[in-house]
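Please build the complex by placing chains E, X, U and V on the supplied structure of chain Y, with the hints as guidance.
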Amino acid sequence: METIPIPPVDWSAITPILVVIGWATALLLIDVFAIPQDRKRVTGYLAIVGLIVAALAAIPLWGTSSVTFSDMLVLDNYSLTLNWIFLLVGVLSLAMALDYLPRQEIEQGEFYPLIMFAVGGMMLLAQGTDLIVLFLAVELLSITLYILAGFAYPRLASEEAAMKYLLLGAFSAGFFVYGIALIYGATGTANLFAIGEHLASPAAANGENTLLLVGAGMVLIAFGFKVALAPFHMWTPDVYEGAPTPVTAFMSVGVKGAAFAAMLRILALALPTLRPTWVVVLGGLAILTMLVGNIAAIAQTNVKRMLAYSSIGHAGYILLAIMAIDAERGVQGFLFYMLAYALTNLGAFGVVIALEQKDEAAWSLNDFTGLWGRQPELAIAMAIFMLSLAGVPPTAGFVGKFYVFTAAWESGLGWLVLVGVLTSAVAAFFYLRVIVRMFMQESTYVTEATAEARVVGISEAKDASPLLYRGLASGITVAAVGAILLGLIPTPVVVLVERSMLALAP
Amino acid sequence: MFNFIWLIPLLPLVGFALNVFVIRREREAGYVATGAVALSFLVALATFIQFAFSPPAEAKPPRVDLVLWNWISVGEFNVPFGLLFDPLSGVMVLLVTGVGALIHLYSIGYMHGDSRVVRYFAYLNLFVAMMLFLVMSDNMLLLFLGWEGVGLCSFLLIGHWFERRTATSAAAKAFVVNRIGDAAFLVAMMAIFAHFGTLSFYDIELADGAVIEGFLERADEISGLIFSIPGQNFLVSTGIAFLLLIGVTGKSAQLPLFVWLPDAMAGPTPVSALIHAATMVTAGVYLMARTHPIFELSAATQGWVTWIGALTALIAATAAVAQWDIKRVLAYSTVSQLGFMVAAAGMGAYVAAIFHLLTHGVFKALLFLGSGSVIHGTHDTQDMRKMGGLREHMPTTFITYLVGAGALAGIFPLAGFWSKDEIIAHAWSGQNFSIFLLLFVSSLLTAFYMGRQIALTFFGQQRDHSYHAHESGQVMTMPLMILAVGAVLAGAMNLPMLHWLSTWLEPTLHEHAAEFGVTQLILAVVTTLLAAGSGYLGWRYYVANSAKIKPGAKDPLYRYSGDIWEALEEAWYIDRAYEKLTVVPGFRALARFMAGVFDPQGIDGLVRGVGYAFSQAASALRVFQSGFVRTYALLFLAGVVMVVGYLLII
Amino acid sequence: MSQLGFPLLSIIVWLPALGALLLLLVPRTNDELSRRASLGVSTLTFAISCALPALFNPALPEAAAPAMQFVDQIDWIPSWGISYNVGLDGVSLWLVLLTTFITPITVLSTWDSVHKQVRAFQILMLLLETAMIGVFVAQDLFLFYIFWEFTLIPMAFMIGIWGSENRIYAAVKFFLYTFAGSVLMLVAIIALYILHRDAIAATTPGYVGTFDFGVIAEHLRSGSFVLEAGLAQALFGAFFLAFAIKTPMWPFHTWLPDAHVQAPTAGSVILAGVLLKLGTYGMIRFNLTLFPDASLWAAPAIGILAVIGIIYGAMTAYAQTDMKKLVAYSSVSHMGFVVLGIFALNQIGVSGALIQMINHGLSTGALFLLVGVIYERRHTREIGEFGGLWKVMPIYGGVTLLVVLSSAGLPGLNGFIGEFAIMQGAFMAYETGGARILGWPFVAFAVLGVILAAVYLLRMYGGAFMGDVGNPENAQLSDLSRREIVVLGLLCVPIIAIGLFPNLLFAPMETSVADVLHTFTGVVAGR
Amino acid sequence: MEFVIFFITAAIALIGAIAMLVSRNAVHSALFLLLNFSAIAILFLLLRAPFLFAVQLIVYAGAIMVLFLFVVMLLGAERAEDEKDKVAWQRPLAIGLGAALLVEAIFVGFNQLAMEPPTTPEVESFGAPARIGESLFTTYLLPFQITGIILLVAIIGVVVLNQRNRAKA
Amino acid sequence: MVPTSYYVLLSAALFTIGAMGMLVRRNAIVLFMSVELMLNAANLALVAFARQQVNPDGQVLVFFVITVAAAEVAVGLALLVAIFRSKRTTDVDEVSTLRG
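Protein chains in written order, with this note's numbering: chain Y, 1 to 506; chain E, 507 to 1156; chain X, 1157 to 1683; chain U, 1684 to 1852; chain V, 1853 to 1952.
Just chain Y, same shape as in the assembly (with noise of 0.2 Å):
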């Protein structure tokens, strides 16, 4: 029997993900060998361990270039600076979930090993050049996120939001296989440097594209449902709602800036020459996707539902840029308001945690009425992810729309901009709406909450001011510093973005 030579592989260029895959199977080992019922908190720590190890890995690999895997994956800056901020957003996720989980007592230490494992996909996303792979690590994150959706048992809703996610994502990973074939098809390859010398060769310009045109539109359309474009984005405000509040987190910027990465990476390797095609069909679907998301925020009570139609509409911003890679800031705009958002989003969705109690949903505007005169800390940090989100300066989200719009606009999509600056101005409504209840209103907290008591039978009343445990404080200290000094003093990262290149060939 003759034995199958393994082919070079340049190991380093996974690094990364080698250090969070590997150690998350070690944690799953750890957790349910070493880590005792009540300790599971420490699984936690060792999982944010094992992100910060697997950040500061991939720190010597700056500048490098290096295609591996049979062109399959690539080490590049800007893959790093992607994973730099899929593994901050774990971080926080995690940080955010230690407090959570417990105090819902839903804590089993699977919860921790899974998000990594998540975000081993998402990395995946980033560095992969084969479609194949890229479905392949969506699925890993899919797989992953519909656990994680369903962990909060035993409210139906988590299950709920579980089932929704996971029959539409099954739907989606339909189109996408199906558009695999096609493009597999039309050029007999699923390596995304092949089909992009495949189109540009001669032979391609001339004759018909259809099977290929269909087959990529298939596929960004999968991606589509990862990030909520509309009209694919019908599962985000139920699935965000029912998730476990730190996994709606971690899936609204995590999944979304995944799923983008590597639609950034499709598009620039793959697909640069049919531009003028997708431009309209994404053009379309960014301008419905930015008035549907910031629109139907407004009729949300509910601040998670909210938060989710804003994610929506985020991704319009988002695609935006991702549209823009023909110009130099496109990358850079799409990396730059990325980690203004994770940091902005994930700091928000903690004050929605910092809310939360057992049993009791806090995400009703009424449970924010009056934060200010409860925990004014809480309210400040609030105030400026609210403010961030919608764009006002001096604020991370500004300088993060500004560098998009800016993007979008030296890339000829002058239209898309201004429908832009348009719904980001409707979107400022809801935001501010949040930081008037925290503010403006006097808090109803308590009589409020002792009549709903009295009504479902139950004898106290909530605590008014929920304590603030240390990893979710830190957490959106974090997130709050960080969106204002990026908003003051963005020019480290623009510098890093600015020297996130992609690699555009093997």
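Derived EDC-like pairs: lysine to aspartate or glutamate, alpha-carbon spacing no greater than 20 Å straight-line:
1. X/Lys-1272 x Y/Glu-442
2. X/Lys-1272 x Y/Glu-377
3. X/Lys-1547 x E/Glu-532
4. X/Lys-1547 x E/Asp-620
5. X/Lys-1547 x X/Glu-1629
6. V/Lys-1939 x U/Asp-1768
7. U/Lys-1769 x V/Asp-1943
8. X/Lys-1547 x E/Glu-669
9. U/Lys-1769 x V/Glu-1946
10. E/Lys-1060 x E/Asp-831
11. E/Lys-1054 x E/Asp-889
12. X/Lys-1547 x X/Glu-1532
To be clear about the criterion: a stretch of chain Y counts as covered by chain V if any three or more of its residues have a C-beta under 8 Å from a C-beta of chain V, and this derived list gives those stretches:
13. 128-140
14. 146-153
15. 157-168
16. 180-189
Hints are computed from structural coordinates only; laboratory data are not their basis.
Every residue, glycine too, gets a C-beta built ideally from N, C-alpha and C.
For chains E, X, U and V alone, coordinates are given in the frame of chain Y:
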């Protein structure tokens, strides 16, 4: 002395400041205020005398110009804060400070015991200062400062007793109506600047040698210039002059803006004397005299001026006939006399206008002060039907009043005879018969209503005994006597043949003394005789009918005239028409509509409508978010079909 | 050009913000201390800012155009050409001073008008001061936009937290309306940046572009950067819309009455005193400087809106029964004058507009303070509730009268100078060739505003201050306290001083205004 | 010959699919799907993919479909769709969209038909299991590893979701 | 030899039927079956194209797809069982508390 002309307006201003910030006691206030104006009068007199006997050599024609500081200087727009002393402003300054000082003195007695007397004197001082700025300004803008400033003081003083609603609304009305005129004045100023590049009357040499050009001496530059309102061309000079005329009608209470003056009588009587008879209301005439080169460029406007003056004279005179309120008679009389002056100015008889202005200033102040004395002596009675027979209780007042009335009626040889006769003579010699007729009839009516007033007030029996009439104190009678002497002698200023005033004003008004021939002589004799007859008739009739006059009763003449009398009493309903018919209610309704409906429902409705539309859209979107996962898949698929469809079509 | 060797202007900008940070050290409940600290900081800022006119060089050589002084420049985001760049010229000089002057006065007034969460209010006030000064001195579009938008936040909070019953609606409306207005400006800024960069990069490869609008303006003038007419008009419109809403111009004014009526006194004072000027300042600084041809193109239309605003604001003010609302609508009218002056596009008009901005800040600010005085005593602002106040509170009545007259534009007081110069400018707004930009018809209507100002202000004054003291509740009202006298007295001094010596203000701005206008050469001798 | 087999198998596959779609009973659906999968397995054979033929039968038809049937039986959920549709417009719209999608798909298919090269070389061995296996460990090493992780995660997931249920229930 | 496009047409039809199943059926298990049908249709296309290009890569892809499908189904069915325990139904329309 010339370098001290700034003291003239400054002294009253200091008096004002002292009264506002320092003085709290009535007695001091009166003395300080009167002293300030009296001092100002002395300075003015000294300046005047020096000007008369050793006119400044450097300027030709002689004038003194003192630039205090550079007021506004933006780009080419350059207006100094400069004072001017020339023959015209000289006589005006003397009138203002002289009569002003007497009225201040009189006020000490009249206002004794009033609760806000310090404030009263402060305003009075401020008024004098503003009036002095008006007449001493060397440019339009500073003139306008005085112009509006006197309007403000008028507002403040009419509203002195603001607890009375009538006083408050009269004050506001005076200010607003004046503002209408002022607005036109403003536009006129802008037009002047736009065309001449300056607002100074005459060339001014500044300290650094630079010269600000004046516009009056090169007014000809705009002759023939045209501007157009769609469909119609106008002379620029007509535009400017007409706008100035509107300003004049506001300030000098001419048609159609005279309505504020009768109401202004709600203020204290000395105020009526100073502001609403002697000085402020004549500012319009002063303005026309000062800017006559502009008016002379526009024959059309001059026609308007003449007609407005003459018609005002007649209408106000007829209204004066039918008043019961002693002050309202004088108020309408003032309007009427101002009409004479304006008509004179319109006919180009600026000297006659100024002459009449000066004499009228004296004798009308006398009359008002006299009426104040009457009111004071009868414990705030103003209705002449409640008076009667006062000559026995108030002899000084009676005699001085008689002198004043005679002067107003134009009885030889009192001051009014000379000045009014000059105007009528002008109308006659100007071949303008209708104007002459209007003025002539007005002057007869003047004599008539003064006769009526004297009969009602001083003759017959006291008809109401709720008060005990008494003569006023010396501090009030003294000014009366001084003014009475003035009313007798003021005509000497411009006696025919001598023409002192004409000569004096010639450098400013460029008008040679009028001919005085046989025609004029005959005319003078006829006028005065008829006036005397008319006055006698009025007096005789009301003395005869004095028994029929009771408080609340109608006038004996009502029997003959019927409702026309009411029309007269209401000054031909002009004021009523503004109030009730169109202008005011229309404005109010429109404003209410805008504030109550159009703004909140219309404009803001659109704004809120945008918000509402968004919230509706949001609710609509919720419908799709049904919670059924199959629906989500449906929309997903719809998206797929559209995207793929598009990709297939291209 | 930092002729001083130390960053004077930056100190003035950031001192209040620093003070706001320091206020965090003050215990939350110690109201008195936080008020005093805030007063101290803002007064110090004012004192330092007084050095600006003293050191300001009114006549720089014409070559250095647009000539900014006290410039501090540090690279911020170099690869974008964004820098922290502040500077001052004659256009912004007095507006900065107005801001530093009004702020301590407003702080002083909070003793009487702000009773809850005092520390937070003071912090917001100081932050707002920094932002407002920042808007006036920012020389970088990006920096400008940040300051511009940031002014919204403290103000919205002030209205929303310390306002009266309907405060939330007002705060949200204020925020959203102005925010929505300025997003288009953001697009215009981006577009301008890219257009400029690409134009310059055509001759200078590798040019990263700049947000320094001084540079952009210079390139526009030198012709190395040419904007196509239609594009310039669109950009002009985007900028103008943001400024028009802030100003607010008719018909974008409806947020103003709500905001004013609901805001606490101190908020209204700042809003009317300074915040509205951001809009008109922007028109001069950006619309006129960057888009001269478009300005010329749009001037008649804008003039019509301005005149409508003048009359509309005045008439609507007339029909109000709430004094604060009346004053608010009067702002619409007054700001209409300012816009009219700006788009006269000549020296007199623009200078007049600048003066009028200062004047409106002083007199309307004072009016709001005065309304606040009576509101604190009676908790109502209905004119009908009052009468004869002048009798009960003579000093109050007197001060109010002075301010009312200033607002009505009585000559000798500040209001007149601005209004006159504006109308004179509009009257003479003709192009060199003789084509009319605005001209006398505009003035003919604008002058109605002068009349109506007297009408509505006297209606208020006559109704509330004159007449008899009908309502027994008013009989015992106490006159102004010493602090109130100081606050109002401080405002009255410039009201009179500017009326008599406006050249103190006009002189330093002359060169700068001429510089802004050097592309427009309106004629003086009219027709 | 090949054509005949193709058409028969294709017909069976279609019938199975449609029957699955319209069956009211979930067990029937599962069985029809099984039929469809088997038909596809045969088509794989026709397409020279013997390895996949086996995988299809073993994994799909064998493991997955049994799992389905097992769950259906376990939950007794074979008749879950008796009452009326809650969303009235769902079904008509779905049919409309389905038709549109079908039209588009057929369009794509015919497009492919037009583009297809006239002849394809016959190579018997390219789909041999050995070739596939070699690919998996060389070219497709990375995806292969990821697949492993996915399966690991899936296992954890199933465990987490059910272990917990047992613990709390 | 059967042209590739025949297979593509067949796979397209099967794919559509699968997608329809997702839209019209309410039994969660049947929904999963529909998804499996869609994946199978895609697999068929992949294999057909692999045949056309004489390239085994397409078949390798199918292998991965089958694996993923299995993993997904496992998790999905586990979830379904969990839901069934509390809800006693597999009708997805019954699981619609999150909405709006």
